[in-house]
Amino acid sequence: MPPRPKKFICPFKLQGITYIDYKDSHLLSQYVTYYRSIQSRYHTGVSLKMQKQLARAIKRARHMGLFASVRYEDVGTQQGAVSS
Amino acid sequence: MQKYEVMVIVQNDRASAEALAFTKEQVVKKINGLGGKVTFEDFWGERGFAYKIKGMKWGYYFVCQFDAEADVPKQLTKDWNITKGMVRFMISKVDKKAPAPISYADMQKNWVKQAQEADIAEIDEGVKVAAPAAPAAPKKDAVDKKLDAVLDSSSVSL
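Here the protein sequences line up with chains V and L, keeping their order.
Just so we're aligned: 15 in this note's numbering is position 15 of the first sequence, and the numbers increase by one with no gaps anywhere.
Just so we're aligned: 229 in this note's numbering is position 145 of the second sequence, and the numbers increase by one with no gaps anywhere.
Please note: incorrect hints may appear among the correct ones.
If you want the footprint, here are the derived chain L segments under chain V, 3+ residues with CB under 8 Å [what the hints assert, rightly or not]:
1. 125-138
2. 152-165
Derived pair list, reagent style DSSO-like, types lysine-lysine, alpha-carbon separation capped at 30 Å [as the list claims (entries may be wrong)]:
3. L/Lys141 <-> L/Lys181
4. L/Lys168 <-> V/Lys13
5. V/Lys59 <-> L/Lys193
6. V/Lys52 <-> L/Lys181
7. L/Lys180 <-> V/Lys59
8. L/Lys168 <-> V/Lys59
9. V/Lys52 <-> L/Lys168
10. V/Lys49 <-> L/Lys87
Quick caveat, the hints were computed from the structure, so don't treat them as lab data.
Each residue gets a CB set at the ideal place from its N, CA and C atoms; glycine is no exception.
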């Protein structure tokens, strides 16, 4: 039998965060993969309640162009600042 | 009455002051005209997109919160869908748990603070790791003394 994965504590509970804002792209960027897909709960240890909030926030940020849904090398960075 | 938040992207074919005037006219005035009450306003200024939107790489962002009846967002979306210069917008309900809104400038300051704190934590760990490596050196003296003792003793003839 392989060893059971470690029990995680929700990182938002540790930080005292109860609401995830879609404008806070710095926070959201910690919960996506290299290719900008949403990290699964299995890997981050986020509770189900917060994962639902997190997914909604990321999807809203994607709609408003604050956040990429796919990683492209030439179309600017995630944090913006491409203005010319 | 329900609390709503709206985020608007204004087209980048105008100056920053004109974009601000555009939002005042098209967003704040229209909400007030429909019987809503604007409680928070924040003009972000120009910001790059994460991907191209309608061929553009950047635009002007504007965020505001307002209290209004349930039919107001419907009328606003009807209006804004046919407004020129409005690249994209999103109206969302404000959660009851949501804290008081903060400006984009304050948010950026928080991000810088968090990054600095993370750096400091790493440096502290580095110091802790590096410290025990130094006292390993004095072992050489002990070895030298032993060597001298062996060389001085009469049992070794060079």
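Evaluated hints:
no.	hint	result
1	125-138	holds (count 8)
2	152-165	violated (count 0)
3	L/Lys141 <-> L/Lys181	violated, 34 Å
4	L/Lys168 <-> V/Lys13	violated, 44 Å
5	V/Lys59 <-> L/Lys193	holds, 24 Å
6	V/Lys52 <-> L/Lys181	holds, 15 Å
7	L/Lys180 <-> V/Lys59	holds, 20 Å
8	L/Lys168 <-> V/Lys59	holds, 25 Å
9	V/Lys52 <-> L/Lys168	violated, 35 Å
10	V/Lys49 <-> L/Lys87	holds, 22 Å
In summary, the structure is inconsistent with hints 2, 3, 4, 9 from the numbered list given earlier, while agreeing with the others.
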